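Per our numbering, the very first residue in the sequence shown carries number 831; after that it's consecutive.
Because the hints were derived from the structure by calculation, they are not lab data. As the structure is a prediction and not an experimental result, all values here were calculated from the model. Careful, some of the hints might be misleading.
Listed next, with one range per pair, are the computed distances between beta-carbon atoms [stated by the list, open to error]:
hint, residue 1, residue 2, range
1, Tyr853, Asn930, 18 to 28 Å
2, Pro918, Val839, 33 to 43 Å
3, Asn936, Phe912, 31 to 41 Å
4, Pro852, Asp938, 39 to 49 Å
5, Ser880, Ser916, 18 to 28 Å
6, Asp871, Ser920, 38 to 48 Å
All C-beta atoms in this analysis are idealised placements derived from N, C-alpha and C, irrespective of residue type, glycine included.
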Amino acid sequence: MANAIRGIVGSGRTNPGEGWQPYNNNMYINVDTSSANFRSDLETPVYVISLSGSGAKVGEVVGAAAVYEPTDRGFRVYLQHFRDASLPPSQAQEGGWYINWTGVQNID
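With the hints as extra help, turn the sequences into a complete structure.
What follows is the structure in structure tokens.
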């Protein structure tokens with residue numbers, strides 16, 4: 831039987847439709863996880879994420895499960911259209927898109 835891992839667990843979501851920024855005809859969002867109170871003196875948390883919202887293109891994106899530049903205070907998510915079509919932030923704003931996140935930081 832494996833030993834249990836002790837850790838800090840936090841979760842949250844971004845505000846629907848807010849925070850999306852343009853990036854090469856696509857978009858990104860910086861996700862703030864400071865509400866989880868992860869510690870900077872431990873390993874970087876492991877984050878699991880998903881994209882939610884409405885609109886025709888929410889199911890046509892890639893990148894919605896990829897975490898970039900993770901720290902104890904947050905991370906970045908880049909989205910692009912799966913057919914390399916333009917995906918401006920207005921799509922996310924109009925559809926109320928948001929990122930759900932859960933983070934786990936090992937304290938052992």
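Against the structure, the hints:
no.: 1; hint: Tyr853 to Asn930: 18 to 28 Å; verdict: 21 Å, holds
no.: 2; hint: Pro918 to Val839: 33 to 43 Å; verdict: 34 Å, holds
no.: 3; hint: Asn936 to Phe912: 31 to 41 Å; verdict: 34 Å, holds
no.: 4; hint: Pro852 to Asp938: 39 to 49 Å; verdict: 41 Å, holds
no.: 5; hint: Ser880 to Ser916: 18 to 28 Å; verdict: 23 Å, holds
no.: 6; hint: Asp871 to Ser920: 38 to 48 Å; verdict: 40 Å, holds
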